[in-house]
Amino acid sequence: MAGRVEGKVAFITGAARGQGRSHAVRLAQEGADIIAVDICEDIPSVSRFYAGATEADLAETVEQVEALDRRIVATKADVRDYDALKSALDDGVAQLGHVDIVSANAGIFIFGDQSHLVSEQDWRDVTDINQTGVWHTCKAAIPHLIEQGSGGSIVITSSTAGLKGTPNVAPYTASKHAVVGLMRTLALELAPHSIRVNTVHPTSVDTGMIQNESTYRLFLPDAEHPSRADAEPVFRTINALPVPWVDPVDISNAVLFLASDEARYVTGLELKVDAGYTIK
Amino acid sequence: MGRVEGKVAFITGAARGQGRSHAVRLAQEGADIIAIDLCGPVPGIGYPPATPADLEQTVKDVEALDRRIVARQADVRDRDAMKAAIDEGVAELGRLDVVVANAGICILAPWDEVTPEVFRDTLDINLTGVWNTVQLAAPHLVAAGGGSIVLTSSAAGLKGLPFLTPYVAAKHGVVGLMRAFAHELAEHHIRVNSVHPTGVDTPMGAGDGMAQIGAWLQEHPRLAGMFTNSLPVEITQPVDISNAVLFLASDEARYVTALTMTVDAGNTQY
Chain A
0 MAGRVEGKVA FITGAARGQG RSHAVRLAQE GADIIAVDIC EDIPSVSRFY AGATEADLAE
60 TVEQVEALDR RIVATKADVR DYDALKSALD DGVAQLGHVD IVSANAGIFI FGDQSHLVSE
120 QDWRDVTDIN QTGVWHTCKA AIPHLIEQGS GGSIVITSST AGLKGTPNVA PYTASKHAVV
180 GLMRTLALEL APHSIRVNTV HPTSVDTGMI QNESTYRLFL PDAEHPSRAD AEPVFRTINA
240 LPVPWVDPVD ISNAVLFLAS DEARYVTGLE LKVDAGYTIK
Chain B
0 MGRVEGKVAF ITGAARGQGR SHAVRLAQEG ADIIAIDLCG PVPGIGYPPA TPADLEQTVK
60 DVEALDRRIV ARQADVRDRD AMKAAIDEGV AELGRLDVVV ANAGICILAP WDEVTPEVFR
120 DTLDINLTGV WNTVQLAAPH LVAAGGGSIV LTSSAAGLKG LPFLTPYVAA KHGVVGLMRA
180 FAHELAEHHI RVNSVHPTGV DTPMGAGDGM AQIGAWLQEH PRLAGMFTNS LPVEITQPVD
240 ISNAVLFLAS DEARYVTALT MTVDAGNTQY
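Each protein sequence line maps, in turn, to chains A and B. With numbering that gives the first Met the number 0, you'll find the first sequence wraps up at 279, consecutive numbering, no jumps. With numbering that gives the first Met the number 0, you'll find the second sequence wraps up at 269, consecutive numbering, no jumps.
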């Protein structure tokens, strides 16, 4: 049986690990080839929360996609560097023939300060990566999609924090709201080309971005060394469904649906995969 | 292995159109079906009503896929008849996992020509019928330890499409039901979402309706953009809605709840 995105090529940012790797693997399982980029570096403002992805991580994504007998072109590139990003994509398209799916997934999570106490550097890093990086990703890919004339699907990773305010998470929340505005505008601009643009809005996902002591302390400010087990019941309280977090594949399944022709008339949708977080 | 293999889905308005398409699409992916339809007229609808023969065709289509189906002629306004159909279906098929509250009517009229009867019938079927469906079916999902409920709303459940006041009111009401049920049923791992189609190529969407709207839009040109899709497509196919229902019904969407899922070619983006 043909895969649900058989023969398509997907461009995925932040693909070295976490949700990005999961998207690459899930789309490859359903027949897509992959163009993957990741910064594969520590970002100074993020290092106090969690470590950056590495080149070994990106190599592992390559291995997992190739194990599925799909092709992958992986490049170390920073979404803040438009020229590098465009060059990585163009190189991937040259090798794989086309690009049909865009997953603007790369992002960082910094938190802890009230809005008026956030440092200039933190604000700039989050905005540059989560907002400008998404725009760069779209800017690089859209000319390919238009020129190919066969439509396409752009999926931007937002967040529950793209729909609701989140105290002490101002730069992230602002950036994740901003990409919803970008999505809505692109959905209108690109509709005449049958290019669909949607966002996904995960609640907490079981990746290194939240599974770290700093994030646990956001929920358990009084604990000295809170653990995953300590954090689980608190995370559970933020969702309507009785689960603390979701798995990367849950987001990938939403991305897969939006990427596939099953969703050929779905555009402008904020697809929440949030266990009911945003209705609370 | 189908994407809803082994599940049982209860679908209202299943004789034809989107309802039949949902039955067939879910059956293709491994589900058994409990189907009901009024199979009869509602005063004022501008298109031919579904018939018992239509429902029989849905049965044949599902059985041709080697899936089981329990089909009953029942009105979503008749709680006793619907409860009997659900309970018999569950007794025969063993369980219930998915509920698709799809039955609905659509009667077009400018605001000052809507009669109290049309307003009442539309609310009774499109809103109270959905409430009946969920309230009567959900106990089986609670018993099963989880499930997925999909309510068919509309682009008119998110924006005030003209010449459809009762329909717009009912379809907005469905969103409220969806959100409230999503909260109350979450503790049972039951997810509740709504789908929001733009125009769909079915008996309801065909006929003289679109021509009539065109004439009214000529008289009220400032409303002309309201029905426009941003994607270059005039009408969608039932299977496009069924694919969204399938996603929401499947375990792929196990953490998706309280979503207003547009399948509207960008109609609500205007």
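Worth flagging that the hints you see were computed from the coordinates, not collected in a lab. For every residue, glycine included, the Cβ atom is placed at its ideal position computed from N, Cα and C. A hint or two may mislead.
To be verified - With a straight-line cut-off of 30 Å between C-alpha atoms, the simulated DSS-like cross-links for lysine-lysine are:
| id | chain 1 | residue 1 | chain 2 | residue 2 |
| --- | --- | --- | --- | --- |
| 1 | A | Lys163 | B | Lys158 |
| 2 | B | Lys82 | B | Lys59 |
| 3 | A | Lys279 | B | Lys158 |
| 4 | A | Lys85 | A | Lys75 |
| 5 | A | Lys279 | A | Lys163 |
Unchecked claim - Examples of chain A residues toward chain B, derived with CB under 10 Å:
| id | residue |
| --- | --- |
| 6 | Arg195 |
| 7 | Glu223 |
| 8 | Val242 |
| 9 | Phe256 |
Stated by the list, open to error - With beta-carbon atoms standing in for the labels, derived distance ranges:
| id | chain 1 | residue 1 | chain 2 | residue 2 | range |
| --- | --- | --- | --- | --- | --- |
| 10 | B | Gly224 | A | Asp229 | 23 to 33 Å |
| 11 | A | Ala228 | B | Gly175 | 35 to 45 Å |
| 12 | B | Gly213 | A | Ala93 | 28 to 38 Å |
Hints versus structure:
no.: 1; hint: A:Lys163 with B:Lys158; result: 21 Å, holds
no.: 2; hint: B:Lys82 with B:Lys59; result: 24 Å, holds
no.: 3; hint: A:Lys279 with B:Lys158; result: 23 Å, holds
no.: 4; hint: A:Lys85 with A:Lys75; result: 12 Å, holds
no.: 5; hint: A:Lys279 with A:Lys163; result: 10 Å, holds
no.: 6; hint: Arg195; result: 7 Å, holds
no.: 7; hint: Glu223; result: 31 Å, violated
no.: 8; hint: Val242; result: 7 Å, holds
no.: 9; hint: Phe256; result: 5 Å, holds
no.: 10; hint: B:Gly224 with A:Asp229: 23 to 33 Å; result: 53 Å, violated
no.: 11; hint: A:Ala228 with B:Gly175: 35 to 45 Å; result: 38 Å, holds
no.: 12; hint: B:Gly213 with A:Ala93: 28 to 38 Å; result: 48 Å, violated
Checked against the numbered hints above, the structure violates hints 7, 10, 12; every other hint is satisfied.
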